[in-house]
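Participant: Spelled out, the chains give:
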Amino acid sequence: MTTLRLGAGAGFAGDRIDPAADLARRGELDYLVFECLGERTVAAGQARRLADPGAGYDPLLAARMRAVLGHTAAAGTRVVTNSGAANPLAAADVVAGVAAELGLGGLRIAAVTGDDVLAAVSAADPVVWETGQPLSAHPEELVSANAYLGADAVVPALQQDADVVVTGRLADPSLFLAPLVHAFGWAWDDPELLGAGTAVGHLLECAGQLTGGYFADPVTKPVPDLAWLGFPYADVSADGTAVFGKLPGTGGVLDTRTCAEQLLYEVGDPGAYVTPDVVADFGGVRFSQLGPDRVGVQGATGTARPDELKVTLGFRGGWLGEGQISYAGPRSLARAQLAADVVRTRLRDLHGVPEDAVLVELIGAGAAFRGLGEPGDPAEVRLRVAARVPQRELAAVVGWEVEALYTNGPAGGGGARRSETEVLAIRSCSLPRTAVRSEVHLQEVAR
Amino acid sequence: MTRRLDELADVRAGDKGDTLILAVLPRSAEAAALLERELTAERVAAHYAPLVRGEAGRVVQPHLPGLVFTLPGALGGGVTGSPVLDGHGKALSYHLLSLEI
Numbered sequence: 001m002t003t004l005r006l007g008a009g010a011g012f013a014g015d016r017i018d019p020a021a022d023l024a025r026r027g028e029l030d031y032l033v034f035e036c037l038g039e040r041t042v043a044a045g046q047a048r049r050l051a052d053p054g055a056g057y058d059p060l061l062a063a064r065m066r067a068v069l070g071h072t073a074a075a076g077t078r079v080v081t082n083s084g085a086a087n088p089l090a091a092a093d094v095v096a097g098v099a100a101e102l103g104l105g106g107l108r109i110a111a112v113t114g115d116d117v118l119a120a121v122s123a124a125d126p127v128v129w130e131t132g133q134p135l136s137a138h139p140e141e142l143v144s145a146n147a148y149l150g151a152d153a154v155v156p157a158l159q160q161d162a163d164v165v166v167t168g169r170l171a172d173p174s175l176f177l178a179p180l181v182h183a184f185g186w187a188w189d190d191p192e193l194l195g196a197g198t199a200v201g202h203l204l205e206c207a208g209q210l211t212g213g214y215f216a217d218p219v220t221k222p223v224p225d226l227a228w229l230g231f232p233y234a235d236v237s238a239d240g241t242a243v244f245g246k247l248p249g250t251g252g253v254l255d256t257r258t259c260a261e262q263l264l265y266e267v268g269d270p271g272a273y274v275t276p277d278v279v280a281d282f283g284g285v286r287f288s289q290l291g292p293d294r295v296g297v298q299g300a301t302g303t304a305r306p307d308e309l310k311v312t313l314g315f316r317g318g319w320l321g322e323g324q325i326s327y328a329g330p331r332s333l334a335r336a337q338l339a340a341d342v343v344r345t346r347l348r349d350l351h352g353v354p355e356d357a358v359l360v361e362l363i364g365a366g367a368a369f370r371g372l373g374e375p376g377d378p379a380e381v382r383l384r385v386a387a388r389v390p391q392r393e394l395a396a397v398v399g400w401e402v403e404a405l406y407t408n409g410p411a412g413g414g415g416a417r418r419s420e421t422e423v424l425a426i427r428s429c430s431l432p433r434t435a436v437r438s439e440v441h442l443q444e445v446a447r
Numbered sequence: 448m449t450r451r452l453d454e455l456a457d458v459r460a461g462d463k464g465d466t467l468i469l470a471v472l473p474r475s476a477e478a479a480a481l482l483e484r485e486l487t488a489e490r491v492a493a494h495y496a497p498l499v500r501g502e503a504g505r506v507v508q509p510h511l512p513g514l515v516f517t518l519p520g521a522l523g524g525g526v527t528g529s530p531v532l533d534g535h536g537k538a539l540s541y542h543l544l545s546l547e548i
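If you read the sequences in order, they're chains A and B.
Every letter in the first sequence is one number past the one before it in my numbering, and letter 260, counting from 1, is 260.
Every letter in the second sequence is one number past the one before it in my numbering, and letter 100, counting from 1, is 547.
Hints in this document: simulated from the structure, not taken from any laboratory.
A portion of the hints provided could be inaccurate.
Not the full set, but computed from the structure, chain A residues with beta-carbon under 8 Å of chain B [to be verified]:
no.: 1; residue: G268
no.: 2; residue: R286
no.: 3; residue: L372
If you want the footprint, here are the derived chain A segments under chain B, 3+ residues with CB under 8 Å [stated by the list, open to error]:
no.: 4; stretch: 147 to 158
no.: 5; stretch: 186 to 195
no.: 6; stretch: 380 to 387
A virtual CB, placed ideally from N, CA and C, is assigned to each residue, including glycine.
Between the sequences and the hints, there should be enough to build the whole structure, so can you do that?
Facilitator: Put into structure tokens, the structure is as follows:
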């Protein structure tokens, strides 16, 4: 084997499916990787699992697998995904069910567990990063605690010839690093190679962000055929260098600019990008344009992995009530401001919602800049009132008071919408590696 | 002569908890040299004041070229802590492009 081809099938839980199906069908991939788990996603999955023990995995998992498994099985492409979210075992059963439907007898599906460390954190009582207080000092109900597993949790499943590997919380780049370690026999004490592989994973993990998706701006960064954005793949060599590409005929663009933006995405310190596998150093990364939509990368390295694993904690954080309504034309901003005053007053004095729990945003008048810019004289303004409160009933009042502006004024409010959603507050802590044990559960679809 | 950052560079938002991460990608070697000199962490923090709580950081990647700024507290509780519509600060990142250099 000279190179290993890794494809990016999803960059977040809600990502498109058709670009992944295209990659599965004609990408000649060795691996197709679906990154489907954010910090909120895993906590939300755990909340769903508490309500229904069979739930908690990515709701789009079955649809994704139905779209790709026939192609990946035919091409000998293996699938790795963290779509298991809060329930990797149930997710593996879903994949097995889809495989059986598609007549893929003999397909081997592995679930990786061990990221759920709720019991371990309760016992260890670590300091919570955001508050500086021990976990036990937090009054809110702790719903979930998931450690970031690394590539070493996935490699044993690949060694057991799994065709599909489903994990829960696993660091995004580790999903891509695991196949490289497995294929090339990279050593766990070789941080240079692990750092290089982590750079490849980091560049691929957000799928369409690398091929000009998030990059696109119609004036400064025009991108062709954005509606049919193709997802990227990488041809990785045993020395950790790689060449990125995308399928012919797909939309988007892959060049040194899109790659440079994605390299720095969500990276606070490019010299020390910490994952469970390595502390990667992107400081020396260089990109080279090798042809249309073909970019080479080299120069990433790293130092030894941390002794502790990051853990995402999900707490029940009450309810978010929300209402929105639009005002347009002359004095739209003044009417929206009057409406906001009315709602604020009534929430405080009639319903007892604390004033500091209420947030007003004037969408179209600089809300996204949070007061940093001048609102000017907007053609229309959408008022959004949101409040986080302990009870669902009180949250419902927020949207109700906004909706009631229809008849009670000010004039010309239209298109009111309201909602209440449960809030999961996300915080972090760390646990010693020794407190976290991963396990592989393999099943084979009946022939 | 001053120019808006929008004429010189692109910006990419990232978030880590409460911290807004802004990657700035100059569009030319000339712009990179100018921004490395002029676009300090202090100037970016001042442009986002009073949202920033804590010390703003800057890392320069001369060969990309790129500059990474970290603005602690700018996201006001982060994606899951704040009721703000754009909790990630994706839209908020474009505010940087109005900075005059």
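Participant: Compare the structure with each hint and give your call.
Facilitator: To see whether the hints hold, each was checked on the structure:
no., hint, in the structure
1, G268, "holds, 5 Å"
2, R286, "holds, 6 Å"
3, L372, "holds, 5 Å"
4, 147 to 158, "violated (count 0)"
5, 186 to 195, "violated (count 0)"
6, 380 to 387, "holds (count 3)"
Going through the hint list in order, the structure does not satisfy hints 4, 5.
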